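Student: Sequence:
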Amino acid sequence: MTDATDSTELLTIDEMTRADALAIGRGTPGIVLMENAGRAVADAIVARFPQGPVSVLCGPGNNGGDGFVVARLLAERGWPVTLFLLGAREKLKGDAAEAADRWPGAVHPLGRDAGQGASLIVDAIFGAGLARDVDGVAAEIIRRIGEARTPVVAVDMPTGIDGNTGKIRGAAFAASLTVTFFRAKPGHLLLPGRLHCGELLVRDIGIDGQVLDEIEPRTFVNEPSLWAPVFPRPRLDSHKYTRGHAVVVSGDASHTGAARLAARGALRAGAGLVTVASPPDAMSVNAAHLTSIMLMPFDGADVLTKILEDKRKNALLIGPGAGIGWETRDNVLAALLSGAAVVLDADALTSFAEIPRDLFVAIKGYFAGPVVMTPHEGEFARLFPKIAEEGGSKLERAREAAAEAAGVVVLKGADTVVAAPDGRAAIARNAGPELATAGSGDVLGGIILGLLAQGMPPFEAACAAVWLHGEAGDCFGPGLISEDLPEMLPAVLRDLLRRI
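In terms of my numbering, the sequence shown opens at residue 67 and continues consecutively.
Hints in this document: simulated from the structure, not taken from any laboratory.
As the structure is a computational prediction, the values presented were derived from the model and not from experiment.
Think of the CB as a built atom: it goes at the ideal place given N, C-alpha and C, for glycine as much as any other residue.
Take these hints with a grain of salt, some might be off.
Label-pair restraints from in silico Cβ distances [as the list claims (entries may be wrong)]:
| # | residue 1 | residue 2 | range |
| --- | --- | --- | --- |
| 1 | Gly489 | Gln117 | 43 to 49 Å |
| 2 | His442 | Met362 | 26 to 32 Å |
| 3 | Pro544 | Asp274 | 41 to 47 Å |
| 4 | Pro146 | Asp274 | 17 to 23 Å |
| 5 | Arg92 | Asp376 | 36 to 42 Å |
| 6 | Val296 | Arg178 | 51 to 57 Å |
| 7 | Asp488 | Glu393 | 31 to 37 Å |
| 8 | Arg209 | Leu257 | 19 to 25 Å |
| 9 | Gly236 | Gly489 | 41 to 47 Å |
Model the full structure from these sequences, guided by the hints.
Tutor: Take a look at the structure:
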């Protein structure tokens, strides 16, 4: 059984169902896939937990069939196993019925005390394809096992977690380990699903990866293999101008720190030159803190337009500390008309809250270059109120917003989603709690800026920046403040370039 954890494709429930069907249609019997799935779970349990009494909780579908296989294989290895089934055994169908027939032990009705006396719970009740909220006896069992703190191993997906959205449907197990098959689902990475999965293993169960050519998935784990082919690599014949000239727009004298954080992020990410465009009243405070980053005065959209007439200045970030109002709107529109790659964050987004269509029309304009927007949830709701009100998953909302705005959307958080207008999307899984500190998002915007300045396409640049940002936080660890993030990038980049 091979490990598929490093595969970047994420499959929706419908796509995974199709993958199963394609594998069966190409000659692999469904019961073989089920046996392989159960063996993967049993192997993971034996490798991680001490032998003891196990309660295997089975549902009425194929997830329950996997559970019957797990129960049989654990019992064959000497584990004391008690199996509980939700529903009548005679109502099981197809592969699940065959798996049940291969189980030699007793089948007990799933009751509220199914976890009593067990040192481990195997959750094979509903899996990823949950179609309704969990209630009744299943919800009561989830509550009781949670109160008892008995470790849970989930088959495919913890019962109660929606495989597409990561949302809790009524009640949900909090698993210590989740074993899924062929490819992970979005719900494994999106919050709160990610918190309920514990350790996630993705196991190959005999489905040929070529089925993905027919499925054509559009959602991915944000890992280097997704964007490595276009990641900028240093060349011996490169110089500072070939590595791009990034511009960061500063706020006024009392709001300059965010721009400097972003500028340092862009420089550490590899931009050849970085300039902070500073209002006159902020020139002295910016000058006091900048050395390798250049400084240029600007006062309004007309001056910003003139700055960007130098086409070597090929990427710009505006928003952090910029202030909310018409001045920022004018500066954003001037930047978009320049043809430079533009990163819009914070105040640059909120300034269009009352007239978002003006921003979207400008992004779609003839002269606009690549655009990346980096909202947190509050900024997203202000710029895309209708999408936010509809309450879709984070993945769905980011994807819909990217299509509406015709720009790449980075919807930030521990499960940051990067979505492109063409429907591609990637979900982060390497962001730790250390990143929840003031100024962290400003550095992220700067990293995106630095990669855009080097010519990286916007979706890939945003994905790579989110990954680098997460790795930098993990590399530093507890005690991180935003100023530390750019200084961790050289070590992260060194390791990355060795890997790719």
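Student: Which hints, by number, does the structure contradict?
Tutor: 4, 5 and 9
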